[in-house]
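A.B. asks: Starting from the known structure of chain C, arrange chain R on it as the hints suggest.
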Amino acid sequence: MGLSAVTVLGVDRPGVIAAVTGSLADCGANIQDSTMTLLGGHVAMMLLVSGDLSAEELCKHLCAPELVVTASAVEARRYFGRRPTGLGYVLTVHGPDRPGIISAISAVLASVGGNITGMSTRLTGRLYVLIADVELPEEVDVAGLMRRLATVGSGLESEITFRPVEPDLL
Amino acid sequence: MTWPDGIVRGVLDAPHPLLSARAQQVDPTDPRVVAAAADLLATLRSEPRTAGLAAPQIGLSWRLIAFDAAGHPKGRSWAGELVVVNPRLAEASRWRAGREGCVSIADLTGDVRRATRITVSGSLPDTGDPVTIEADAFEARCIQHQLDHLDGVLFLDRVPGALSLHRRLHRCDA
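Chains as they are written, first to last, in this note's numbering: chain C, 14 to 183; chain R, 38 to 211.
For reference, chain C alone in the conformation it holds in the complex (with noise of 0.2 Å):
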């Protein structure tokens, strides 16, 4: 059984999902991590599929004139059943738009062994926002870090916070 990278953009309307998801139920694929949202009126999904069908077969299957699919082969045992062994933050940065604001802030966090393990941006009006989960070494001096985060949305007028997430394990 493998495992197929799916990526599903389209003009969002009702029932896009169901019809995704529908055809892969379909083909017998299993639908393992996915995620969705809506960039722009455009919807966009992002599927780690199993099943017997190879990525060119599921590519063929979920084919629609008004989606764009692509589909690709992944290694199974790469990405299943790694625990995180960092410490988990959140980011949050806003402040007027203006090009290179990821770029500059992930910079930063690759600097120091950072993995952004998510991530949301969004533009309205002037205001552009992004949140960003933040996986770190354990080993990272946070508060340098901070620092240098500051240091750089100073120079990109933009505020930043840059704080531990705080589960409720129960």
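It cannot be assumed that every hint is accurate.
[Claimed, not checked] Sample of chain C residues facing chain R (criterion: CB under 10 Å; computed from the structure):
id, residue
1, T137
2, D146
3, R161
[What the hints assert, rightly or not] To be clear about the criterion: a stretch of chain R counts as covered by chain C if any three or more of its residues have a C-beta under 8 Å from a C-beta of chain C, and this derived list gives those stretches:
id, region
4, 43 to 57
5, 134 to 145
6, 193 to 204
If you are wondering where the hints come from, they were derived from the structure by calculation, not from laboratory data.
Since the structure is predicted, the reported quantities are computational estimates derived from the model, not experimental observations.
The beta-carbon is built from N, C-alpha and C at its ideal position, and this holds for glycine as well.
C.D. replies: Frame of chain C; chain R shown alone:
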């Protein structure tokens, strides 16, 4: 108590430096503060879908908030239509996540964890009399949202993760 007629002021949209700045303590009996309180209330009344405003949102970096949680479907307590000067959060308990928006941030909402029972103390404009408000549910969330504005904090700074930021779908947010 005689307040001047308030002037409806424009509400600032983010990004704006005043919305990220810590506001200053003020003398509640200062006539300029009383006038600002009247303006804040007049502006709040002009925004029928908004239950609260903080002075920085109308361009004043002073510690004043106005709120009126009357009639909100998620509301329980109702302290009335109030302006509080130099408000302080004295007690907070029973934390819950809830989705909220802001009149200064068009089109976005976020899931924010806030206390659902709070006690806030401060002063009334003009007389300077001390006031203590015990609020819960929606009113508590609304007041904490306004208190954050006085510290230059937006709800965006409290969103707990990348998937907790949303496009606003309807207008019953805080």
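A.B. asks: Now look at each hint and say whether the structure bears it out.
C.D. replies: Checked hints:
1. T137: Nearest chain R Cβ about 4 Å off; hint holds.
2. D146: 5 Å, holds
3. R161: Not OK, violated: C/R161 not within 10 Å of chain R, min 18 Å.
4. 43 to 57: The restraint on the region 43 to 57 of chain R holds, since 4 of its residues have a Cβ under 8 Å from chain C and three suffice.
5. 134 to 145: holds (count 4)
6. 193 to 204: Holds, because 10 residues of the region 193 to 204 of chain R bring their Cβ atoms closer than 8 Å to Cβ atoms of chain C.
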